[in-house]
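Asks: Note that the protein sequences, when read in sequence, are chains A and B. Each residue of the first sequence is one higher than the one before, counting from 1 in UniProt numbering. Each residue of the second sequence is one higher than the one before, counting from 1 in UniProt numbering.
Read the hints as simulated data drawn from the structure, not as lab findings.
Below, simulated DSS-like cross-link-like pairs (lysine-lysine); rule was C-alpha separation at most 25 Å, straight line:
hint	chain 1	residue 1	chain 2	residue 2
1	A	Lys217	B	Lys142
2	A	Lys23	A	Lys217
3	A	Lys16	B	Lys281
4	B	Lys142	A	Lys229
5	A	Lys16	A	Lys229
6	B	Lys288	A	Lys229
7	B	Lys144	A	Lys23
8	A	Lys255	B	Lys318
9	B	Lys288	B	Lys222
10	A	Lys244	B	Lys288
11	A	Lys229	B	Lys281
12	B	Lys160	A	Lys229
13	B	Lys144	A	Lys217
14	B	Lys142	B	Lys281
15	A	Lys244	B	Lys321
16	B	Lys68	A	Lys154
17	A	Lys229	B	Lys203
18	A	Lys229	A	Lys23
Covered stretches of chain A, going by a simulated chain B footprint (3 or more residues, C-beta under 8 Å):
hint	segment
19	14-26
20	92-100
21	126-133
22	138-152
23	155-162
24	224-234
25	240-246
For each residue, glycine too, the CB sits at the ideal point set by N, CA and C.
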Amino acid sequence: MNIFVLVKRTFDTEEKIVISNGKIQEDGAEFIINPYDEYAIEEAIQVRDAKGGKVTVLTIGGEDAEKQLRTALAMGADEAVLINTEDDLDELDQYSAAYILAEYLKDKEVDLILAGNVAIDGGTGQVGPRVADLLGINYVTTITDLEIDGTNVKIVRDIEGDSEIIETSLPLLVTAQQGLNEPRYPSLPGIMKAKKKPLAELELDDLDIDEDDVEVKIEIVDIYLPPQKAAGRVLEGELSQQVKELVNLLHSEAKVV
Amino acid sequence: MANKVLVLGEVREGALRNVSFEAIAAAKQIADGEVVGVLLGDSVANLAGELIAYGADRVVTVEHPHLKSYTSDGYSQAFLAVCEQEKPEGIILGHTSLGKDLSPKLASRLNSGLISDVTEIEGAGEDAVFIRPIYSGKAFEKVKIKEGIVFATIRPNNIKPLEKNASLTGDVASISVDVQNLRTIIKDVVRKASTGVDLSEAKIVVAGGRGVKSAEGFEPLKELANLLGGAVGASRGACDADYCDYSLQIGQTGKVVTPDLYIAAGISGAIQHLAGMSNSKVIVAINKDPEANIFKVADYGIVGDLFEVVPMLIEEFKALKVNS
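Just chain A, same shape as in the assembly (with noise of 0.2 Å):
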């Protein structure tokens, strides 16, 4: 089976934002590979060894997002692709990130696409179903469980907190929702692995595509952080009191109940 997983770099989970000049700083951030990608890789190895095939992570970006590539290697993957934007566009958006991936793909013959079913940075969950309407294959979001029966698939997906069971067949995009399988920690051997598999990387131009085809659609005009909360009350006295108060403010100072 053709897998591809589609995975993106941000920034670590416990980072803090801090803004200047109008912009995220990055100095000295940690960066994870974002961790809904990181249950799309580990379904897509465990898809692999069941069916036999070969598991390639895909990723827009810059240099720094090899290490993110490597470590998907780590576990598991079998190949990587960078598509390198830094010289040739200073910004993206959830059309053209679509659009560069689509053109990458068009002609692999994919089975099976994953990813994850959001970033935690940008946030928008565009991107998978973007990519798979313009390969006119269809998709499935936030997934919790994937069964592949020759070309029939049966998923679950998680819809507000129920669960829809869905029958679709291949090549099928899906993303994943968390609960989907427990990602694996590279190991040792892995690592060592990794540092052998092939890793390409591609340029616009490789791609024959024209910056003006991925001329963003969205304009970012201003990026601030939310006001700092002033601190909180930290009631007193007897906690039967402190309950009362609460219940109390809650009805009378912030009408909330």
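Here the structure of chain A is known, so what remains is to put chain B in place on it, guided by the hints.
Replies: Using the frame of chain A, we list chain B on its own:
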């Protein structure tokens, strides 16, 4: 800029979701002309009046047996047929499970940008700017569509719907679409939500963390949530420890919620959790550890054992209900 704005009325179990009324309010703000409600389903025309009562100028319906359950294929065919007829300059959907799944496909087909998960709209008409959280609410961005259709999804519970006015009237028309070639079959839906109130739309959320100690430990939280008509949530710690289902997880991984009242019980307040709830209107923290991070974002805090505090809270809220 947006002479005509389409709003999808999202139907769940035969009723319109609140987010649809919020979407009408958002559409009104960016529209220079009319706001058109769109209803898709096997039998939905009866809901058109409610969309109009909440401010839609008129409603277009598409009814077909293949639209009984949501599928991206079925809904996109129907919605695009409406777009073809109406030629909208703006589209607003809820940023719900359905909206998140459908909107990227529509944007791709319409070759347009899409601003997802909007929590506020500043300005009106042509000057409207969309505000949305990034890094799960650790920061915000203001965004505009550069050209083409102004297309956005709005997060439930953030934009105020207009006052319902049952005396409003508007045209309701249906168009017929041959919905076909669905590549996805929905075999079954298994309901798991513990209180029946949807976490992302709940006005009140009662969430537990590692301090809840076990699956049974969530029982008092569920009782409190039920009493208040709210939903139960959890921290990553509680989900990782298997006290509850991952579908309840709130945080940078998991759901981002902005209820009117968030009660955090036995949650320490890791940065990744705070990202998922710190924009709630009022936050109550209950924790044994007075140094817990959660107190830094809480409006009201009680230092104490949740197993003592929560039952007391239940009694007090019951008393409040009786008295008011």
